[in-house]
Amino acid sequence: MSELENKKNNLEPDLQNEKVTSHEENSLDVNNHEEIKILEKTEIRSIFKNPENLRRRKVTNSIMISLCVAAGIITIIPLIYIFFYTTKSGLSSINLDLFTQLPKPVGETGGGLANGIVGTLILVGLGSLFGIPVGILAGIYVTEYSGGVFSTLVKFVTDVLSGIPSIIIGIFAYGVIVLPLQHFSAYAGGFALGILMIPTVTRITEEMLKLVPQTLREASLALGVSRWKTTLNIVLRTASSGIITGILLAIARVAGETAPLLFTSFGSSFWPSGLDQPIAALPVQIFNYAISPFDDWHRQAWAGAFVLIFIVFILNFIVRFITRNKLQS
Amino acid sequence: MSESEYENLVNVDIKDQQDQNDEVAASSVIEETPGKVSKYAIRTEDLSVTFNKRIGISGITISIKPQTVTAIIGPSGCGKSTFLRSLNMMHDLNPKAEISGEIYINDVNILEFNTVELRKKVGMVFQKPNPFPTMSIYSNVVAGLTMNGINDKKLLNETVERCLIHAGLWNEVKDRLKSPAVSLSGGQQQRLCIARTIAVNPGIILMDEPTSALDPLSTLKIEELIYNLKSEYTIIIVTHNMQQAARISESTAFFYMGKLIEFSRTRRIFTNPHEKLTEEYITGKFG
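Going line by line, the protein sequences match chains A and B.
Start counting the first sequence at 39; every next residue gets the next number (our numbering).
Start counting the second sequence at 45; every next residue gets the next number (our numbering).
One thing to keep in mind: the hints can contain errors.
[Stated by the list, open to error] Counterexamples of contact, computed for chain A against chain B with all Cβ distances above 10 Å:
(1) 109
(2) 129
(3) 134
(4) 137
(5) 160
(6) 187
(7) 212
(8) 248
(9) 256
(10) 263
(11) 268
(12) 272
(13) 291
(14) 314
(15) 350
[Unchecked claim] Simulated crosslink set (SDA-like; lysine to any residue; CA at most 20 Å straight-line):
(16) B/97 <-> B/139
(17) A/267 <-> B/177
(18) A/267 <-> B/97
Since the hints were derived computationally from the structure, they do not count as laboratory data.
All C-beta atoms, glycine included, are put in the ideal place defined by N, C-alpha and C.
I would like the entire structure built from these sequences, with the hints used as guidance.
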């Protein structure tokens, strides 16, 4: 220890003890360091001087990577295939009549799917009117006001509901709405689609609301803003873009549903005449045309499939565009 | 403002306080019962909070004078924030929290307030700046007003200007009031949050480590701001930074293991504390 340090220690006797301990620690550190170095050397030798081990590790690595890449490719292939095949088979049958004309009777060529397109829009609209508010409110309940047994039950039931086959939902809507009213109707179709939307919307709302930091809720409450105003103006608004994405997913999913509509909106060859009447739907028409023996109908079914995919795509695009503007203002 | 000037100001103030130590504080912040002078802005009696039967704080009895800055210090987990959050009933959000004892705000029992009305009188600034991300700077400042249905454009404009000037942010943001609040720096965001809090005109502002997420320069600005706000508001600040407590507060409370160990004038706490525990904490022997 140098003279200067000695002096310092005399001046600050309290510090002397600390100095000593820190010195000890230092020397201990050095020892540790050397030990680590020795360890490192042996480790390194075992890894790099052992070519067999190294080769085995490299092989394992490349096998796992190729498995991952393969899984990735398997995921993309169906989508690319669907896009490619639908476009190839459907695009040639796309013409103005398809969007403006009613279906022609069997044997006559031409005609279109206009009623189906309009019907699908109406059905999806009705479904959204029912499914989106219920889904969002349920999601809010589960995240913002949960705590009891009931909210756990709601969460569980939502999960189960999302796994129920859509045809069962169709049968349920048949039993609840079609049977009492004694006829098929757009209401029944919309109801079935709405129920199908609820689990998706609820789940996404729940996940998005969970992502809103608790401090934002507290900040709003601390300003003397009531709970429901906080939920509406702060929590929901902050989560809105994620929730909108969830709604889009739900809409895109139900727009192509066929099974639940078979027993509810039934389908029709005419323009929609009222919401309490059977109504045409694009997926149902595609199904009916595809199982028919007529080449012309097969072509129209392909065109219909193409249009359906296109509608979903446009819907996505429009909603995204509108909400992006809203968020900026 | 340099640090030494700060110290001077604080010291002068403490002297003033010593002079009128036994007098009833002349100023009053009470509004709802005119004519009645409240000696204490905040008073708690045997206040305890438990979370799921685990004790957060217990037996806190404290009286805080209006228009003062009170610092709360203590090691992590000692109940500083728990105490602070019980003053504006923030524990309501946690169904497992149970509160016993009494809290008086301007001599009115906290239970007589509607929770929403109480929070309009007792504002809060949080550890991390938390401006509303979907709102502009302007909307953030008046969020407490607009969400409660006040839409008078003239009043809102005045409030925004007054509060931003008060928070020392006006010159930095006056040309871009409509830009998103999250585009501001962390220090600016925290001053925005303070502006947002004073926009609803609370008599009391609770601050939960408001500078712990900020750089030294922003911290200095917030401290200046707290110092300036003292003439109008009663401020309670939780801080891990003992120098900060010494710089800005008149009185300091030391919490340890959920108990109030010592509460007295800041200068006394830092120069000649009554309790051994306080001394050990302040000199860095633990915590």
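Hints versus structure:
no.	hint	verdict
1	109	holds (36 Å)
2	129	holds (42 Å)
3	134	holds (43 Å)
4	137	holds (39 Å)
5	160	holds (33 Å)
6	187	holds (13 Å)
7	212	holds (42 Å)
8	248	holds (15 Å)
9	256	violated (6 Å)
10	263	violated (5 Å)
11	268	violated (8 Å)
12	272	violated (6 Å)
13	291	holds (27 Å)
14	314	holds (41 Å)
15	350	holds (28 Å)
16	B/97 <-> B/139	holds (12 Å)
17	A/267 <-> B/177	holds (16 Å)
18	A/267 <-> B/97	violated (31 Å)
In the structure shown, a violation is registered for the earlier hints numbered 9, 10, 11, 12, 18, in ascending order.
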